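So the sequence shown is numbered by my numbering: it starts at 82 and just counts up by one.
You may find that some hints are simply not true.
Said to hold, decoys possible - Capping the alpha-carbon separation at 27 Å, the derived lysine-lysine pairs in DSSO-like fashion look like this: (1) K89 with K268; (2) K236 with K146; (3) K130 with K261; (4) K203 with K166; (5) K166 with K189; (6) K261 with K132; (7) K236 with K265.
Source of the hints: derived by calculation from the structure; they are not laboratory data.
Quantities reported herein were computed from a predicted structural model and do not represent experimental measurements.
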Amino acid sequence: LGYVSHYKIINSLDCGIPQSRNRVFTVSINKNYLKQFNNLDTFNCLNNKYKNINDFLQPNVINPKYFIRTNCPSMINAIANHKIKIIENKVFTITTKQMRWNNQGVVKVEISKVPNNSNLAKMIIDNKPYYLRVITPLEAMLLMGYDQQDYERIKNFCDSQIYKFAGNSIVVNVLQEIIKHVFKLNKRIKYDKK
Numbered sequence: 082l083g084y085v086s087h088y089k090i091i092n093s094l095d096c097g098i099p100q101s102r103n104r105v106f107t108v109s110i111n112k113n114y115l116k117q118f119n120n121l122d123t124f125n126c127l128n129n130k131y132k133n134i135n136d137f138l139q140p141n142v143i144n145p146k147y148f149i150r151t152n153c154p155s156m157i158n159a160i161a162n163h164k165i166k167i168i169e170n171k172v173f174t175i176t177t178k179q180m181r182w183n184n185q186g187v188v189k190v191e192i193s194k195v196p197n198n199s200n201l202a203k204m205i206i207d208n209k210p211y212y213l214r215v216i217t218p219l220e221a222m223l224l225m226g227y228d229q230q231d232y233e234r235i236k237n238f239c240d241s242q243i244y245k246f247a248g249n250s251i252v253v254n255v256l257q258e259i260i261k262h263v264f265k266l267n268k269r270i271k272y273d274k275k
């Protein structure tokens with residue numbers, strides 16, 4: 082068809098989002114302009130300031146539906162056996178099944194910040210008791226590069242649909258950087274034609 086495709090694996094961590102999410106991105110260039118395009122090896126979004134995970138996590142989540150319960154022994158065992166990680170400075174890949182199996186990790190919450198609820202599982206971490214919770218739909222959206230306004234548009238959908246949307250999405254910051262890279266290329270092509 083007259084196009085040459087270039088690909089690169091890009092991690093959203095490199096584009097300012099504290100989520101480890103490696104994805105393959107492909108850019109196809111018309112072969113007539115291939116001389117001006119030196120593939121995606123020059124693509125770099127490391128100039129984006131890495132944001133702290135706490136910029137994305139809501140500090141006052143108390144809704145019990147987001148917390149690990151005592152009647153979820155498989156989840157508790159998975160956390161105790163480090164199959165599910167405690168979120169410290171980044172989350173792992175957000176998927177479509179956040180509520181069922183939390184591969185992105187869980188958030189530890191100080192006991193004093195949550196109303197007493199005997200159904201919530203307490204875990205001892207670093208000799209201190211914590212409740213653990215999954216990320217909320219808003220947090221999932223923020224960790225995909227969307228903003229509060231984007232979330233407001235879909236907040237009336239059920240949580241599972243929002244998690245599915247976030248898990249199936251491309252990290253916005255990565256896509257924006259790729260588009261900037263392509264626009265720079267386009268300017269260079271126009272300049273070289275003159």
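Hints, one by one, checked against the model:
1. K89 with K268: holds (22 Å)
2. K236 with K146: holds (16 Å)
3. K130 with K261: holds (16 Å)
4. K203 with K166: With Cα atoms ~15 Å apart, K203 and K166 stay inside 27 Å; holds.
5. K166 with K189: holds (10 Å)
6. K261 with K132: holds (20 Å)
7. K236 with K265: violated (36 Å)
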